[in-house]
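2 protein chains.
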Amino acid sequence: MEIVAEPGVPQVVVTREFAAPARKLLRAHTEPDLLARWLGPDWLKITVDVLEPRDGGRWRYTHTDPSGERYAFFGLYHGTPTTERIVQTYEFDHQPGVVYLNIITFDERGDRTVLRQNTVFPSVEDRDYYVRSGMEKGLRPSWDRLATLVTEGI
Amino acid sequence: MEIVAEPGVPQVVVTREFAAPARKLLRAHTEPDLLARWLGPDWLKITVDVLEPRDGGRWRYTHTDPSGERYAFFGLYHGTPTTERIVQTYEFDHQPGVVYLNIITFDERGDRTVLRQNTVFPSVEDRDYYVRSGMEKGLRPSWDRLATLVTEGI
Numbered sequence: 001m002e003i004v005a006e007p008g009v010p011q012v013v014v015t016r017e018f019a020a021p022a023r024k025l026l027r028a029h030t031e032p033d034l035l036a037r038w039l040g041p042d043w044l045k046i047t048v049d050v051l052e053p054r055d056g057g058r059w060r061y062t063h064t065d066p067s068g069e070r071y072a073f074f075g076l077y078h079g080t081p082t083t084e085r086i087v088q089t090y091e092f093d094h095q096p097g098v099v100y101l102n103i104i105t106f107d108e109r110g111d112r113t114v115l116r117q118n119t120v121f122p123s124v125e126d127r128d129y130y131v132r133s134g135m136e137k138g139l140r141p142s143w144d145r146l147a148t149l150v151t152e153g154i
Numbered sequence: 001m002e003i004v005a006e007p008g009v010p011q012v013v014v015t016r017e018f019a020a021p022a023r024k025l026l027r028a029h030t031e032p033d034l035l036a037r038w039l040g041p042d043w044l045k046i047t048v049d050v051l052e053p054r055d056g057g058r059w060r061y062t063h064t065d066p067s068g069e070r071y072a073f074f075g076l077y078h079g080t081p082t083t084e085r086i087v088q089t090y091e092f093d094h095q096p097g098v099v100y101l102n103i104i105t106f107d108e109r110g111d112r113t114v115l116r117q118n119t120v121f122p123s124v125e126d127r128d129y130y131v132r133s134g135m136e137k138g139l140r141p142s143w144d145r146l147a148t149l150v151t152e153g154i
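Heads up: the sequence lines are chains A and B, in that order.
Under this note's numbering, the residues of the first sequence are numbered 1 to 154, in order.
Under this note's numbering, the residues of the second sequence are numbered 1 to 154, in order.
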């Protein structure tokens, strides 16, 4: 997994190659039962509240920590998710009013697929908040579970 | 009007103060008849095809040049537009698949309002394309007309 977060640029780009076709990665992102199997840090429980993977559809999921504290993320799909691209707005209920854009692309190379997650933020401060909130600590184990899911689980 | 487009940063921020309250600027952005009176370069005719200023609503407008060529822009509202903020995704039909995020904020100061339009792009190349496509040439006369509309027209 490669993370690029350049100083002064309101953007984070994370890439990783998976030993699976794009259609499995798409399913893992757009089917609630599958998404719940890999997304989020280990120590949080995830509930997928809404997942409408179509142009203008909504999505929302909630992480709950052991003390019962909740962290909800929600937004909209711009365009229908495909095996090439998912575009969605993001908002975190603990940081209301800060909206960012997440662009996931799937690039198939033979029987492997490079997943690129490009997130752009309204400001560098908002990007830094996101990175400091434990992005990498959450993303790394999530994508490890995603790798297991798409290579062995579906 | 101040335009900030820093090298290497996929963002354009444009600000201008208007001698009008935020509620008039909001109306000028969210009522189709009013939007059509100020938006777009002088040499293009605008048609507001869809304007649903609510969370998850769609928007779409088309510019037509004297030869009949059409340029359509469309997207979704993330959150309901208010006198504080409008957040919308953007896509240009001549550049399909490139989605950006537009965050307009209204900051009232006495009987004046500072409008800040913060646009973030998937990449610096996409930002540069947007700037080179005549952004300033379109925006400057548009905002001049917007100023006239909100101070005298509504």
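Warning: the hint list may mix true and false statements.
Which copy is meant is left open, so a pair is good if it fits within one copy or across any two.
[Claimed, not checked] Computed cross-link-like contacts, SDA-like style, restricted to lysine to any residue with a CA-CA straight-line distance of at most 25 Å:
1. Lys24 with Ser133
2. Lys24 with Gly97
3. Lys24 with Val98
Hints in this document: simulated from the structure, not taken from any laboratory.
All values reported here derive from a predicted model rather than from experimental measurement.
Discussion item. If the cut is 25 Å between Cα atoms, do Lys24 and Ser133 qualify within a copy, between copies, both or neither?
Written reply: neither (29 Å within a copy, 38 Å between copies)
Worksheet item: What label fits Lys24 with Val98 when the C-alpha limit is 25 Å: within, between, both, or neither?
Response: Between copies only: 24 Å across, 31 Å inside.
Item to complete: Indicate which option fits the pair Lys24, Gly97 if close means a Cα-Cα distance not exceeding 25 Å: within, between, both or neither.
Response: Result: close only across copies, 21 Å inter versus 33 Å intra.
Checked against the numbered hints listed earlier, the structure breaks hint 1 alone; every other hint is satisfied.
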